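**Q** These protein sequence lines are chains A and B, in that order.
In terms of the working numbering, the first sequence opens at residue 40 and continues consecutively.
In terms of the working numbering, the second sequence opens at residue 40 and continues consecutively.
Hints were generated in silico from the structure; no laboratory data involved.
These figures come from a predicted structure and were not determined experimentally.
Be aware that a few hints might be false.
Chain copies aren't distinguished; within one or between two, either way the pair holds.
[To be verified] Cross-link-like lysine to aspartate or glutamate pairs, in silico, DMTMM-like; alpha carbons within 25 angstroms at most: (1) 154 x 80; (2) 104 x 71; (3) 224 x 237; (4) 169 x 74; (5) 88 x 182; (6) 169 x 125; (7) 235 x 150; (8) 232 x 182; (9) 94 x 204; (10) 94 x 74; (11) 180 x 80; (12) 235 x 199; (13) 154 x 237; (14) 94 x 174.
There are 2 protein chains.
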Amino acid sequence: MSQSPQSFTHIPLPTIRRMPSYLRILQEFQQENKEWISTTDFSGRLSLKPIQVRKDMAYTGIQGKPRLGFEVNELLNAIRRTLGWDNSADAIIVGAGALGSALLGYKGFSEHGLKLVAAFDNNPEVSGSKIHGIEVFPLEKLEDLIQRMGITIGIITVPEDFGQEIADRLINAGIRGIWNFSPVKLKVPGHVKVQKEDLASGLAVLSVMMHQEDQE
Amino acid sequence: MSQSPQSFTHIPLPTIRRMPSYLRILQEFQQENKEWISTTDFSGRLSLKPIQVRKDMAYTGIQGKPRLGFEVNELLNAIRRTLGWDNSADAIIVGAGALGSALLGYKGFSEHGLKLVAAFDNNPEVSGSKIHGIEVFPLEKLEDLIQRMGITIGIITVPEDFGQEIADRLINAGIRGIWNFSPVKLKVPGHVKVQKEDLASGLAVLSVMMHQEDQE
Chain A
40 MSQSPQSFTH
50 IPLPTIRRMP
60 SYLRILQEFQ
70 QENKEWISTT
80 DFSGRLSLKP
90 IQVRKDMAYT
100 GIQGKPRLGF
110 EVNELLNAIR
120 RTLGWDNSAD
130 AIIVGAGALG
140 SALLGYKGFS
150 EHGLKLVAAF
160 DNNPEVSGSK
170 IHGIEVFPLE
180 KLEDLIQRMG
190 ITIGIITVPE
200 DFGQEIADRL
210 INAGIRGIWN
220 FSPVKLKVPG
230 HVKVQKEDLA
240 SGLAVLSVMM
250 HQEDQE
Chain B
40 MSQSPQSFTH
50 IPLPTIRRMP
60 SYLRILQEFQ
70 QENKEWISTT
80 DFSGRLSLKP
90 IQVRKDMAYT
100 GIQGKPRLGF
110 EVNELLNAIR
120 RTLGWDNSAD
130 AIIVGAGALG
140 SALLGYKGFS
150 EHGLKLVAAF
160 DNNPEVSGSK
170 IHGIEVFPLE
180 KLEDLIQRMG
190 ITIGIITVPE
200 DFGQEIADRL
210 INAGIRGIWN
220 FSPVKLKVPG
230 HVKVQKEDLA
240 SGLAVLSVMM
250 HQEDQE
C-alpha cells in the first residue's frame with residue numbers, strides 16, 4: 040500500500056488536526072539545527088501517547104530509524120505535502136472588521152499553505168485602505184477579482200445575517216473551500232468544502248467543564 | 040432521573056458544542072415574539088436530523104408539547120442554565136495584539152456568560168490604553184488584579200513562547216479556566232480546565248478536504 044499523498048483521503052480527522060502541532064515542533068528542531076526527532080520528543084511536548092504519535096506518523100509515509108527516530112527535514116516536508124501545504128493557495132477574506140483584521144495580521148498563514156491576497160468590506164471607510172499591508176476592496180469587486188485571479192479559498196468573517204449571502208456569491212464566483220468564522224451554518228453544494236470555526240462552541244465547552252469541576 | 044443542571048456532567052461534547060447554535064435560533068424567535076419552536080425549526084436551520092435535536096433537547100430538562108413544540112423563553116433559560124451562562128463570569132485577557140483586540144471587540148461574549156473586565160500586555164505602547172472600552176494593564180498587575188477581583192477565567196492570546204509562562208502565572212493567581220488561543224499545549228494541574236482554539240488545525244482540515252475533492 041502506498042503511503043504517498045494519494046492515501047490522504049483516509050487520514051482520520053484527529054490526526055489531521057494534530058499535524059500542525061507536529062509541524063511546529065519540527066520547525067523548532069530545524070531552527071536548532073537538530074537532525075533527528077524521536078517519537079518521545081513529540082509525545083512529551085504534546086502530551087500524547089507514543090503509540091498515537093507512531094500511528095499519526097505512519098500517515099506521512101516516513102519511516103523512523105531505530106535509536107535515531109525521524110529525519111527532521113524529511114518529516115517536515117512530508118507533513119507539508121500530506122496537508123497540501125507545500126503549494127501555497129491564494130485566499131481572500133470577506134469582512135474586514137475586528138476578527139477579519141486580526142486574521143489579516145496573522146503571520147502564520149504562509150506556513151500553513153495560505154496566502155491572503157485581498158480583503159473585501161462593504162464599509163466605505165474601510166474599503167480602499169490597507170490592513171497589515173493587504174488591500175481592502177469594496178464588495179462589488181468580489182466576483183471579478185476571484186475569477187480574474189483564480190482564487191479557490193474564501194474566508195468569511197461577516198456578521199451572521201450576511202454569511203449565507205456572501206457564501207453564495209463566493210461559490211458562484213468559483214470558490215471551492217470556505218473557512219467560515221460567521222456563526223451561521225452554511226448551505227453549500229457538494230463540491231464546496233466548509234470548515235466552520237465557532238468561538239461560542241469553545242466557550243460552551245470550557246464553561247461546562249468548569250461547572251463539572253464545581254460539582255466534584 | 041433528574042434532568043436539572045446537576046446532570047450536565049453527562050452531556051456529550053457534541054451536544055454542548057451545538058447548544059450555542061440552539062441559543063442563537065431561540066433568540067431570533069424571541070425577537071420575533073414567537074412563543075413556540077419545533078424540532079424541525081431547529082433541524083432545518085442547523086442541517087441536523089430531528090432525532091438529534093430531540094436527543095440534545097432532552098439534556099435541557101425541557102419537555103416539548105405535542106403539535107406546539109418547546110416554549111421559547113423556557114427553553115432559552117434552560118440552555119443558558121445548562122451551559123452555566125445564566126450567571127456571567129468575569130474574565131481577563133492576556134495579550135492585546137491583533138487577535139486579543141479582536142476578542143475585546145467581540146460583542147457576543149455577554150450573551151455567552153462572559154464579561155471581559157481587563158486586558159494585559161507587556162507592550163508599553165498598548166498598556167495604559169483602552170481597546171473597545173476595556174482597559175489594558177501592564178503584565179506586572181496580572182496577579183494583583185485577578186486576586187482582588189476574584190477572576191476565574193483567563194484568555195491567553197500571547198505568542199507561543201510565552202503561553203506556558205502566562206498560564207502558570209494565571210493559575211498561581213487563582214484562575215481555574217483557561218481559553219487558550221496560543222499555539223502551545225499547556226501543562227496545567229487537574230483542577231484547571233483548558234479549552235484550546237487552534238486555527239491551524241481548522242485550516243489543516245479544510246486543506247485536506249479540498250485535496251480529497253481533487254482526487255474524486
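**Q** All hints, please: hold or fail.
**A** Here is how each hint holds up against the structure:
Proximity of residue 154 and residue 80 under a CA criterion of 25 angstroms is satisfied in neither setting, with 30 angstroms inside one chain copy and 39 angstroms between copies. When the C-alpha separation of residue 104 and residue 71 is checked against a cutoff of 25 angstroms, the pair qualifies only within one copy, where the shortest distance is 20 angstroms, while the shortest distance between copies is 64 angstroms. In this assembly of identical chains, residue 224 and residue 237 lie within 25 angstroms of each other by CA distance both inside one copy and across copies; the values are 10 angstroms within and 20 angstroms between. Taking the shortest alpha-carbon separations for residue 169 and residue 74, neither the intra-copy value of 41 angstroms nor the inter-copy value of 46 angstroms comes in at or below 25 angstroms.
Taking the shortest alpha-carbon separations for residue 88 and residue 182, neither the intra-copy value of 47 angstroms nor the inter-copy value of 34 angstroms comes in at or below 25 angstroms. For the homomeric pair residue 169 and residue 125, neither the shortest alpha-carbon distance inside one copy (28 angstroms) nor that between copies (41 angstroms) is at most 25 angstroms. Taking CA atoms no more than 25 angstroms apart as the test, residue 235 paired with residue 150 passes in both settings, with 20 angstroms inside one copy and 20 angstroms between copies. In the homo-oligomer, the alpha carbons of residue 232 and residue 182 lie at most 25 angstroms apart inside one protomer (19 angstroms), although the nearest pairing across protomers, at 44 angstroms, exceeds that limit.
Neither within a single protomer nor between protomers do residue 94 and residue 204 lie at most 25 angstroms apart by alpha-carbon distance, with minima of 41 angstroms and 31 angstroms respectively. With identical chains, the CA atoms of residue 94 and residue 74 are at most 25 angstroms apart within one copy only, with a shortest distance of 21 angstroms there and 52 angstroms across copies. In this homomeric assembly, residue 180 and residue 80 never come within 25 angstroms of each other (Cα to Cα): the closest approach is 48 angstroms inside a single copy and 35 angstroms across copies. In this assembly of identical chains, the alpha carbons of residue 235 and residue 199 lie at most 25 angstroms apart whether taken from the same copy (13 angstroms) or from different copies (23 angstroms).
In this assembly of identical chains, the alpha carbons of residue 154 and residue 237 lie at most 25 angstroms apart whether taken from the same copy (22 angstroms) or from different copies (18 angstroms). Taking the shortest alpha-carbon separations for residue 94 and residue 174, neither the intra-copy value of 43 angstroms nor the inter-copy value of 47 angstroms comes in at or below 25 angstroms.
Figure legend: structure checked against the earlier numbered hints; hints not met, in rising order: 1, 4, 5, 6, 9, 11 and 14.
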